[in-house]
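Participant: From first to last, the protein sequence lines stand for chains A and B.
First residue of the first sequence? That's 1 in our numbering, and the numbers climb one at a time after it.
First residue of the second sequence? That's 1001 in our numbering, and the numbers climb one at a time after it.
Here chain A is said to cover these stretches of chain B; the calculated rule only asks that three of the stretch's residues, wherever they fall, bring their Cβ under 8 Å from a Cβ of chain A:
1) 1260 to 1266
2) 1304 to 1316
3) 1353 to 1366
4) 1579 to 1587
Source of the hints: derived by calculation from the structure; they are not laboratory data.
Glycine included, each C-beta is placed from N, C-alpha and C at the ideal position.
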Amino acid sequence: MKKLFLNLSMLLAAVAAFTSCSKEDNNGPQLRIYSNGAYVVNAGNMGSKIDGSLTAIDYKSNTAKQKVFLGANGVSLGNTANDGLVYGSKAYIVVDQENTIEVVDKTTFKRIKQIKTTELLGADEGKSPRHIVSGYGKVIVSTFGGVVAEIDTVNFKLVKKYTVGKYPEGMLLNGNQLLVANSNYGNGGGNISIVDLYSGKVTTKNVKDVENPQRIFIGADHNLYVLDWAVYDPKTWAPKTENTLRLVSPDWTTSKKVANANYVAAFNGVFYMINAPYGAPATYSVYTPGAGAVASWKLSETVQYPCGLSIDPVTGEFFVLSNSKSKDGESADYNADGYLYRYNTAGTKIADYKVGVGPVAVFFNAGAEWLNN
Amino acid sequence: MLISVLFASIAVAMPIDTTKIHHLEGVVIERSHVSENVSSASPMQILDRQHFSVLGVTDIADALHRLPGVNLKDYGGAGGMKTVCVRGFGTQHTGVSYDGIILGDGQSGQVDLSRYSLGNLSQIALSVVDGSDIFIPARNVSKAALLNINTLQMPTHRQVLSGEVKMGSYGLVNPFVRWQQRISEKLGISLMADYLYADNNYPYTIQNGMEKVHDRRQNSRMNSAHGELNFLWKDGRHQLNGKLYYYDNKRLLPGIVRYYTNLNRESLHERNAFGQFTYEYLLSSHWQMKWNAKVDWAETKYIDGNYPDGINDGHYWQREYYANMCLLWKPAPGWTADYSVDYSHANLNSTKLIYGLPYRNSLLQTVALNYRKGRLQAVARMLHSLYLNGNKSGDAADDMKRFSPSLSLSWRLLQQERLFARLSFKNIFRAPSFSESYFAHHGSRALKPESTDQLNVGLTFEKSDSRTHLVLTADGYLNHVKDKIISIPYNMFIWQNINLGKVEMLGLDVAAHWERKLHHRHTLTAAVNYSYLRAANHTLRSSDNYGLQIAYTPEHSGNIALGWQNPWVNLSLNATGATKRWATTNHYDQTDLSSYLDVGATLYRTFALGKHQLNARFDMMNLFHTQYEIVAHYPMPGRRVMLTLAWELHTLINNKPI
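With the rest of the complex left out, here is chain B:
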């Protein structure tokens, strides 16, 4: 009913004119002085590099806390696994793209964000429901939400050498070096490497009945390195850019905390290498093409030294080959259309525990229309997904094919004011991961996809004058998940994944960003986000669990950050908090994780000495030493400090901007 009303409205809306447009003359994006998160017809939140300091963002986990609707699963400490859930959906419903191409993890379907250090990032952006950009691969719209991680782009006409070192509590050392060079007028390259070591042996306090247990995390050393080579080549209508990426992390896992022992001997060695390339070609003023390709290899080696003879150890290898083509057409003013097609082949093998040699061929296609005229913007998209599952030695999971529509509209309410109303809808599903289909005990080949519906209604507002800039966004939403994949036991030994759960979410995300120049060289910044989320288990009406908030989902969560930039030492303060969460679906007695507020402060200053630029930054995290857990039995670190020294050397090259 609702869907038909929505389609009726797009049918009516069509004959008028569009949104964010890729100007065919170049790669300039029209913004008409309206910020992207305000004009976007679907909820979108952006955090730029300049805000990392102003708002006191310390790492990628902290960055994600600044985005409304995000619920981070954090196992604690520098390098502890961090995965992201958006608006009550499971982690697997959020795609993560790295410089425009989705990071694949067919094995578990979730991306550990602790891999991505802020030093190399230019921006993170979260689009929920559907993005306004249509000139993107089909796979980028195949999830309920998309987190874009964008790295620093090539310098236009400089060579830059930068180095950074972070030192912090509990043995954190994180050096980072990057060299960027314009080789010629057409070619630029950059090379970067970073290394992170942390003991992560932070103290914690947990409650054991009436007593408090004070201990330290053990066996939690992090030892990771990451390197990248990027290039950009541009010649007239052609542009080619690419990346070679390598990541290696040998970490010890502390396991869950216990009351009377902290002996644990698990370790995880992860390696990931990929190469990705994007080629764009401007055919004419009406046509533009883009090709993406990626080859990805990942290895995970899990060793459980708690159990003799390597009985729990597992060694996994994944490979993925991916290719995409996008074709953009601008038939008439206001109209833009895109056809994108993606193919990927992914496979997984292991020493044990994975059934057979599973692989998956995916063919995703989208047709999208972007229309903009006057005060209206509309994006309509249809995705067709085809997942063909195979297994070289054993049964394969069921194949899946489906159409997934989405629609988003934005209407500028007042011609003179940047005040917009928006409405978006999307129906999308996620295919079961390899683990869900093939893992020993649990895996089931008969799983259906987990299906989601999202409906979002929002208001956005932006105002600025010579001294003040204000952005406000507020979105209310209704989500629905059916055939949720859950694991149920048949007996102590055999668990099975089945499609059972249903969840209804009702939520509100509010974000405000305010900046004011007080005086010469004094600026105040405030950023606030608040999320309300009621995510109710609707699996079985007659069940006592019906209507209970789903596990690991706070009803209220948010962040507030204040920054004061001044000629002496810049200062920022921030606080992140969430209300009570449950570790169990049935809210079993004492399985709640109590609410928390984590407060941090940052001092920083930039010194410029000719071609040299030096940034010094000092962070104090969890100032009040709040003891809390995000994942049950994984206490988060208490009070700690971090010192960052960054140095940059710029040399102008007598070349034209690339």
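Looking at chain A on its own, in the form it has when it is part of the complex:
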């Protein structure tokens, strides 16, 4: 597990340092890494007739443009957009209730292809696509049908599908392994699937005290960490476990609580966490593996109803999503536009943007490109 650790941001940072040094040379192509903006996936609110949407934040103009998919294509993303990413020149948006993956040009947002997951995988396995990761010319999508599907990014055909555990959510591509968090829909008994992408072999690991895994991370110590959400009793709805970030043993058998957290993002293997417990103010913490205990994470200003946390892999800037406060009382409003706070690496708020209803994910228009002189 602790073998090759490839952190995109670390690599990109290294490349950036290199390219900036060699800028004067002017001979031969140069590799440039960039991050031009952040895209926010808004789920909308199905019951209230509010479609999912995509908000595009442009760093240069420091503006947020709403409903860019609708604007570019004249049609809506549909109900309950759930995740997205930029890979190469394209952006991919996963829409749970529509059983679609929208493939668009990452700058114009023009639709290149609408992948219908139920056509790609059949109705049983293709229903409710959830999350997406990318690598080696493919995107990989998890579905509530209990599969992960490897999709070609040129012809958008199914390359291979793997049957994993129940209700898979977040994934991590780690070398030739795909790690999948099987949530079991919050009913407890969730586990981790390890897909060997070379051999196609899938192994399932039941990790002690991991009941509702949502996301998997690699820490700076090269250990694996799992965000495990609370499991509620189906009758009393009393929490049976907590929302925690957990350190998983290298043999995938046991786990240890790092901190309470609902939302986690990692940068250079350092964990930033937001814990938003029931009926109490949210707390913010940071954990650097191998460098002592969990510390308080100081932000110059905090949002009201946090519902997501992401970090730009190039700049290291923090993006915290929030729902708006209800105008009629002390609660989040799931029928109103949410907002996003952007912080610099020191935790100082540098901008805020309006986003759509039900923001669920942020992904970045970041990558590397060759510059020819």
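Given the structure of chain A, go ahead and fit chain B onto it with the hints provided.
Facilitator: Relative to the frame of chain A, chain B by itself:
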């Protein structure tokens, strides 16, 4: 202040004399040739069976559209869930009675009216604020409005066999059969059964950005059956009638429409069985008693095949035991008084999602006075409610007890004309439903009841001569809801029901019914109803949402129906419409549901062949194929047709009328 003025006026009004009276000599109701909806001191609208054809009423949803003040929540299609909201109140504020006894649904507190087919109904009547009838169970006045569904009564001196079959677009087949028999001079029974099948796979068009999406509803099959056994036994001063009822519906749920998929795998299996009995006893010319009893069992099985391993499935069982006693006393001419007491025990259990094994014991009592003299009618009532909540495994919701007064007055303005002014007031609350108190995520044991005030002022008028009959009613009202139960999120996973909302309603309901005999065997009928309702969110004055129209409530709505009865083929045309509604409290951009007008036409004719009677009827619904939604993302069906053939065989029995 207002209340004290009202009470002062009743105090003054008391010494005079009453209203609709149950004549103690029999069960005849005095109407003094004034229609009930005109003389009633509280708003009341009645739709009789004979109007179902004349006004082209196609199903119970359509029937409800003919009543002013009603806002129907309709998920579309034959068998799509239909619940009723009156004058801007939530569904749970309208009680629904079936042959005099309230249909209980402790789980959600709302009754799905799609269960009740018109074939078996004699009348539907809606009373708002408070009814004029006082010889009724306490539970029947425990809501802000009451919808009475009355089934066909026993034939007096015949045996009747009737059969009916409806066939319509999108796979609708609805056979119905009823047999009624006078067994003896004292006993009559009837047996009925109906079955409804519909594919409901109707096409619809929705807007996706700049494009239109044309698709068909999927997974919307309806498959339901219903049977009833009724009996009536009468001997001198005693009368006993009862009903055994069974309903079974296995339906698929189409879910909300989406743009790029219509895959859905939800289904719902509902079963309901009840027995109810009413016994009336005339003690003397001054005293009359009535007992009601009911045992009710309901099962709901929800399967969500969209999610593997039955993770969303739920199986629920409810039981209710109910008993009531009403005692009517007529102390002096013009005066009638009633004491009614109701007890019920309801409980709910489920495979999951319901917290514990909740139950509720309710004790409701009313004292009512009915006074009528000359041109004045007055009804004053006090309801005492006691709800004792328990939970066999877990915490119970808070108990509730409260007094709820109501008062209604009617004054005949002119002695020679049937012109009345009326005024009524009622303060009532509804207890939280089991779902609101105990459902996973949302349920809260600490909920207070949702409280309502209603003030109604109306004018009613009736005129008739040998050829024309006209009824006009107009009511303006002011309603107020506080501690409205709403669900708010703490985070994505945990929502909680709390008492938060306040709503102020200002409305106007107008209804007109006009009938004119043009010529021998030619009659024209026109019925119009119009409702204006401004239902404003008054939760927080400083909020941007303050004053906004509450969700799913049109400002203007109405229906117009015209009928022409003639010797050839009878014809009726009708149109139902509503202005824009919002799916969200904050009127979020593009969450409005656009206004609509749904036009229908009906052709029908009766053929009599000796003892046989044959009715043929052809309905064309939504003639202009209007695409609209009543509930967001649930498109209503477009143009469709229905053919009804009904046959009836009567045989006279040599018995006296029962």
